[in-house]
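Asker: Taken in sequence, the protein lines are chains A and B.
Using the UniProt record's numbering, you'd call the opening residue of the first sequence number 1 and step up by one each time.
Using the UniProt record's numbering, you'd call the opening residue of the second sequence number 1 and step up by one each time.
Please keep in mind that the hints were generated in silico from the structure rather than gathered at the bench.
Among the hints, a few may not be true.
Stated by the list, open to error - Computed footprint of chain B on chain A; a stretch qualifies when at least three of its residues, placed anywhere within it, have a C-beta under 8 Å from a C-beta of chain B:
#1 24–30
#2 36–44
#3 71–78
#4 314–327
As the list claims (entries may be wrong) - Here are the simulated DMTMM-like pairs of lysine to aspartate or glutamate, each with C-alpha atoms no more than 20 Å apart in a straight line:
#5 A:Lys214 - A:Asp254
#6 A:Lys167 - A:Asp254
#7 B:Lys69 - A:Asp254
#8 A:Lys312 - A:Glu168
#9 A:Lys69 - B:Asp269
#10 A:Lys214 - A:Asp255
None of the values given here were measured: they were computed from a predicted structure.
Yeah, the Cβ is synthetic: ideal placement off N, Cα and C, and Gly gets one too.
Number of protein chains: 2
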Amino acid sequence: MLRSADALRQLAVTSLERRGAPYEMAQLQADLLIEAELRGLPSHGLQRLPRLLVRIDRKLADPRARGAKSWSGQGFLTMDGQRGLGPVVMMEAMRELEDAVATCGIAVAAIRNANHIGMLAYYAEAAATAGLIGIIISTSEALVHPHGGTQAMLGTNPIAVGIPAGKEPFILDLATSVVSMGKIHNHALRGAPIPAGWAVDAAGRPTTDPEAAKFGAIAPFGGAKGYGLGLAFELLVATLAGSNVAPEVRGTLDDRHPATKGDLLILIDPRAGAGNAATLAAYLDQLRSSRPADPERPVAIPGDGSRARRTKALSSGIHVPDALLDRLSALAAA
Amino acid sequence: MLRSADALRQLAVTSLERRGAPYEMAQLQADLLIEAELRGLPSHGLQRLPRLLVRIDRKLADPRARGAKSWSGQGFLTMDGQRGLGPVVMMEAMRELEDAVATCGIAVAAIRNANHIGMLAYYAEAAATAGLIGIIISTSEALVHPHGGTQAMLGTNPIAVGIPAGKEPFILDLATSVVSMGKIHNHALRGAPIPAGWAVDAAGRPTTDPEAAKFGAIAPFGGAKGYGLGLAFELLVATLAGSNVAPEVRGTLDDRHPATKGDLLILIDPRAGAGNAATLAAYLDQLRSSRPADPERPVAIPGDGSRARRTKALSSGIHVPDALLDRLSALAAA
């Protein structure tokens, strides 16, 4: 069913407020989910809300917590998220870093014990809109096998980068797995095979059966290099945030455990640098107009597609499956 | 011919000193090249030296310069490399950041106008050996085409990450291209075809002919994701260092132009974080002993292979092609 972003946001806000979230925090969590829907990323959208509400009911998520802050350097903030909502703790960290980045030119927040922070592009865009470079890295349950391995040992360990670049910021957001577990579940629902190379089954054999893949492991993107980056992110987050490494991570895909992954937010002030946004904007346009492989498909800049989908969905509305909409309406009323 | 690392280092030092490099700087530049040879990376080893010596003769490289420093925040150092040797300016930046990282917990140096910094792992390892996390990003001439594009518009934009992790640090070093231009030249020399998917020719057509690829463009690694990361690094370096974007970069592959790429060094103090190196070491061992795809090839951690090759080459010697050795001997005598 098609619904407007505003109507869906209100539905999410109400269901969160009913479970004790202050308006401002409910608004932030709801906004994150709606922004994912608007960008065509339903895996990070409203389908995450029912589980989050159960987590609040079970005290695995505290909708009032902002996180406990501790500075171990003028530009180094450690946060215990106190089981708070992911976006609430992340945006609190971003606000808290503001003075530090003004003083140091670069600053980092290392966060443990916060709930799922969802679509990372949200924070990259918030930083870039405030005139700052934002780099966000997060970890997850073990879902990805090492290059040359067959067991799920790493998180999907996404990174987002936001850079002010003229009128539109550059926004990159990617997981270091070749595909998300959500997409594999989606193939399973449709009874469609998955492409070769995406996953192995529980015994470590390459598989095109999404049902078998659900109990196996996803490949890293880009072979040894993607594996190396995903592993570097795993280690960076664990050593700075004091969060768990993937095999011990719980709580972003279940409603039974506290969230034990970690998140990093690095902010850099580009005004401290020697370059300028106009150069970047001109270069990005040069890329867009460079010779494409397929004459029908111009070269794209990361973020272009999301921006176009968002604009369209703001006017046309967001499609939400009927069953999910019914469930969300019930949760907002209960 | 096989030569000891010490003998080759001395040869390189002598040729640099003869061109005015103070002993300490000659030693550093030579050490970088020898360490690349020891790790089995001859493309970043002694074959780079003759060109560098020409660059010194032509005043495109100043073997005495350390770089001019300017602080624009307590943790943000901007450096004009003053045409200095890449490793001299980078290690000067690393020393200079020491106090900043102690104060801020994180610090960054953005460098323009320095010569080629070579194998990035060198700096990642230097940082990790000093107990710090090091992230190094560099740019280059336009050699890589965008995902969905066919023109060389991006640098090979490598990243290295060094993280203290118990007795051996974690060291990752990779280019965001699927392969180096050096490897394509190597195929051309041997008259061997290159694998499909590595490159396009000057007209933008996929090619397996290395001679055609030399005038075309290399693919990014990992499709759209690798392209996105390479582009993010391109923008980060340009906007922070004030260096050129790829289409305007010169001077790392020629002996006619000043080097106009840029380099970033980010240092983070892991002692400011809440995690610990013992957890990382245990996790890395867990990965190494996890189930491999091929029973004969255990899962590897980035850096393991380099470390093993280095140990072997230290005792067996480094193989240098006769022609190169003759040339280096002549350059050290002239």
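Asker: Has the given pair, lysine 69 of chain B with aspartate 254 of chain A, been kept, meaning a C-alpha gap of at most 20 Å?
Answerer: violated, 50 Å
Asker: Taking only the CA atoms, is the gap from lysine 214 of chain A to aspartate 255 of chain A under or equal to 20 Å?
Answerer: Holds, at roughly 18 Å.
Asker: Taking 8 Å as the Cβ threshold, is the statement that the stretch 71–78 of chain A is covered by chain B upheld or broken by the three-residue rule?
Answerer: holds (count 6)
Asker: Quick check: the stretch 314–327 of chain A, covered by chain B? Criterion 3+ residues, Cβ under 8 Å.
Answerer: Coverage by chain B is violated for the stretch 314–327 of chain A (0 residues, Cβ < 8 Å).
Asker: For the stretch 36–44 of chain A, count the residues whose Cβ lies under 8 Å from any Cβ of chain B; is that count three or more?
Answerer: That given contact is violated, which follows from only 0 residues of the stretch 36–44 of chain A lying within Cβ reach (below 8 Å) of chain B.
Asker: Can the restraint linking lysine 69 of chain A and aspartate 269 of chain B be considered satisfied, given a maximum Cα separation of 20 Å?
Answerer: holds, 18 Å
Asker: Has the stretch 24–30 of chain A got at least three residues whose CB is nearer than 8 Å to a CB belonging to chain B?
Answerer: n = 0 at 8 Å, threshold three: violated.
Asker: Given the hint that lysine 167 of chain A pairs with aspartate 254 of chain A, does the C-alpha gap stay at or below 20 Å?
Answerer: violated, 40 Å
Asker: Assess, step by step, whether the Cα of lysine 312 of chain A is no farther than 20 Å from the Cα of glutamate 168 of chain A, and give holds or violated.
Answerer: Answer holds: lysine 312 of chain A to glutamate 168 of chain A is near 17 Å, not above 20 Å.
Asker: Keeping to a limit of 20 Å between CA atoms, is the pair of lysine 214 of chain A and aspartate 254 of chain A held or broken?
Answerer: Given that 20 Å is the threshold and the Cα spacing comes to 15 Å, the pair holds.
Hint compliance for this structure: hints 1, 2, 4, 6, 7 are not met, and every other hint is.
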